[in-house]
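In case you want the letters, here they are:
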Amino acid sequence: MASAFHQPQRPFDRVLIANRGEIALRIQRACKEFGLRTVMICSEADRDAPYGATGDEFICIGPSAPGRSYLNQSAMLLALRASGAGAVHPGYGFLSENADFAEAVEQAGIVFIGPPASAIRIMGDKIAAKRAMMEAGVPCVPGPDTALGEDMVEIADVAAQIGYPVIIKAAGGGGGRGMRIVRDETMLSDAVSVTREEARRAFGNPELYMEKFLEKPRHVEIQVLCDNFGNAVWLGHRDCSMQRRHQKVVEEAPSPNIPDDIAAAVGARCVAACQRIGYRGVGTFEFLYENGEFYFIEMNTRLQVEHPVTEMTSGVDIVCEQLRVALGLPLQISQSTLQSHGHAFECRINAEDPYTFAGSPGKITGLVLPSGDGVRVDTHIEAGYTVPPHYDSLIAKLIVHAATREEAIIRMRTALSAFKIEGITTNIALHQAIFADEAFCAGGADIHQLETWLSKRSAS
Amino acid sequence: MAEQAERIMTRRKRQTVLDFSAPEVLAMLSGWLEQAGVHAIEIEREDQTIKIAVENGAPQVFQQPAARSKAASFVEVKAPFVGHFLPHHPARDSTRNSTSVDEGDIVGFVKVGPLLLGAAAPKGGIVRETLVSSGDLVGYADALLMIEQK
Numbered sequence: 001m002a003s004a005f006h007q008p009q010r011p012f013d014r015v016l017i018a019n020r021g022e023i024a025l026r027i028q029r030a031c032k033e034f035g036l037r038t039v040m041i042c043s044e045a046d047r048d049a050p051y052g053a054t055g056d057e058f059i060c061i062g063p064s065a066p067g068r069s070y071l072n073q074s075a076m077l078l079a080l081r082a083s084g085a086g087a088v089h090p091g092y093g094f095l096s097e098n099a100d101f102a103e104a105v106e107q108a109g110i111v112f113i114g115p116p117a118s119a120i121r122i123m124g125d126k127i128a129a130k131r132a133m134m135e136a137g138v139p140c141v142p143g144p145d146t147a148l149g150e151d152m153v154e155i156a157d158v159a160a161q162i163g164y165p166v167i168i169k170a171a172g173g174g175g176g177r178g179m180r181i182v183r184d185e186t187m188l189s190d191a192v193s194v195t196r197e198e199a200r201r202a203f204g205n206p207e208l209y210m211e212k213f214l215e216k217p218r219h220v221e222i223q224v225l226c227d228n229f230g231n232a233v234w235l236g237h238r239d240c241s242m243q244r245r246h247q248k249v250v251e252e253a254p255s256p257n258i259p260d261d262i263a264a265a266v267g268a269r270c271v272a273a274c275q276r277i278g279y280r281g282v283g284t285f286e287f288l289y290e291n292g293e294f295y296f297i298e299m300n301t302r303l304q305v306e307h308p309v310t311e312m313t314s315g316v317d318i319v320c321e322q323l324r325v326a327l328g329l330p331l332q333i334s335q336s337t338l339q340s341h342g343h344a345f346e347c348r349i350n351a352e353d354p355y356t357f358a359g360s361p362g363k364i365t366g367l368v369l370p371s372g373d374g375v376r377v378d379t380h381i382e383a384g385y386t387v388p389p390h391y392d393s394l395i396a397k398l399i400v401h402a403a404t405r406e407e408a409i410i411r412m413r414t415a416l417s418a419f420k421i422e423g424i425t426t427n428i429a430l431h432q433a434i435f436a437d438e439a440f441c442a443g444g445a446d447i448h449q450l451e452t453w454l455s456k457r458s459a460s
Numbered sequence: 461m462a463e464q465a466e467r468i469m470t471r472r473k474r475q476t477v478l479d480f481s482a483p484e485v486l487a488m489l490s491g492w493l494e495q496a497g498v499h500a501i502e503i504e505r506e507d508q509t510i511k512i513a514v515e516n517g518a519p520q521v522f523q524q525p526a527a528r529s530k531a532a533s534f535v536e537v538k539a540p541f542v543g544h545f546l547p548h549h550p551a552r553d554s555t556r557n558s559t560s561v562d563e564g565d566i567v568g569f570v571k572v573g574p575l576l577l578g579a580a581a582p583k584g585g586i587v588r589e590t591l592v593s594s595g596d597l598v599g600y601a602d603a604l605l606m607i608e609q610k
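Heads up: the sequence lines are chains L and D, in that order.
If you count the first sequence from 1, position 107 lands on 107 in the working numbering, and the numbers rise without skipping.
If you count the second sequence from 1, position 91 lands on 551 in the working numbering, and the numbers rise without skipping.
No wet-lab data here; the hints were simulated from the structure.
Wrong hints could be hidden among the right ones.
[Claimed, not checked] Across the chosen pairs, the derived CB separations fall in these ranges:
1) D:Leu591 with L:Gln339: 54 to 60 angstroms
2) D:Pro574 with L:Ser118: 26 to 32 angstroms
3) D:His548 with L:Gly372: 55 to 61 angstroms
4) D:Ser594 with L:Arg276: 49 to 55 angstroms
5) D:Ala580 with L:Asp13: 32 to 38 angstroms
6) D:Leu591 with L:Glu135: 55 to 61 angstroms
7) L:Asp56 with D:Phe534: 30 to 36 angstroms
The C-beta atom is built at its ideal place from N, Cα and C for all residues, glycine as well.
In isolation and in its complexed conformation, chain L is listed as follows (with noise of 0.2 angstroms):
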């Protein structure tokens, strides 16, 4: 950190965070490890929020509705260019993934801090995605790295090559929009083109492609870093299988029953493909894991909200090395130093029911954190607080670590019930619940798990 902090000629002293909430601080607590100010962006909703008092500087850009504020690039653009940042974080979500507001950054003579825009449009591609990870030896879903053509019988063809069931999936698709399930040949012809129409509404892209569909694999990611010299490491996997309509809920790191010598295998892959493409800063390789088989689905090109279990896992300040490579400094760590210790878990809090997932903003009238050895909280929220009703409802994300799974579920339980928030609805009844649950307690647990305890209990 030293040679960061006095590092001669910085190509910039001040980074501009182009988002919201618990990960605006978190960037921020990195840009303070580094020296570098930083200037925090809010929208009209936000603009009372605490958090923005903590940066050097804090500027409205726009009303509340996110396509007019976190979401509108010119604005964002204009806000980089009044506040003399040379840097911009974007987080995730909003325009994290973004190449066109990425390419525009880089226009503009301002460092983003992430990826090239060229890595960020091929990954949001997913047939490309696909095709350059094929070619880079990363394993995939069984299924071509080309796009559906318009022909419903050599479409049949390759479905019955992959074999029943199989997925439709849009190419600019993602968060689990825009796929279908088919398990036979007479679902197929009104399954390619609701996809398609939906593809093209959605996301202005009607291409398709097609996969062979896992009946109950797990999500299981690695976590890579790269700087601008050619140095590329993976940091470790973790599990995030624990999903309601597609969206994680927790997340633990490692992922637990992935022998050792498979996920290496994988992440050396990972790496090289990395390489291979000129990749910048870091990334996730999302896989489907069934039957002890890899199988890549997409790259996420920007940090990710459970950042932190790798990080309590592999000892790496992720976001600080983000910044370390945004400056042009090689990566300090090596893929012979890293290794993964203990285990970590991490829960996202969100201002919703825990069973109808229905939002709850509002005031914050009471706010007890857990706290102690081996627990850490990202939040932006306090007691007083108004949680605005205009963007997601993670208000926090509690994280624990310990020498093994079973001593950070405990430590988990504990946290989880000294951590109080009065005044408006969360979803920690339902964490409670997770981590009472003897399935998921067991390991492994495969994406349908959550939804199908929902029903369970719905239907009871």
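With chain L's structure known, arrange chain D on it following the hints.
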């Protein structure tokens, strides 16, 4: 008739051409009251309040200037965008000729690089205060000036 004499009538009138300080006007009003059997009348307008009471056939007149009926009403001129505030166009004279502005008048600017965006007065009135200094970084919808409405 006695009841009528006891009746008090109050009228409120916002605008009139009558000069209530003129003796002939007071005499005329008093005569009308007597004819109508009205004991008293109170007339309120923006500049004064007048009360005429008829007692024993002799009208008595009470006059007083009206209290300022409403507190001054202020509106803020807000920044149209994030940028650096300029109180006047950089190519023009820095002295504002008048603090009186009409609705829609450009009363300040926000500069972002080469862009200069005007901040318009939402209402007409008198510019009472400039809330930020020239060159300050301002955000979207930050208050720049205070206008007392006409």
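For this session: If any of the earlier hints don't hold here, list their numbers in rising order.
Result: none
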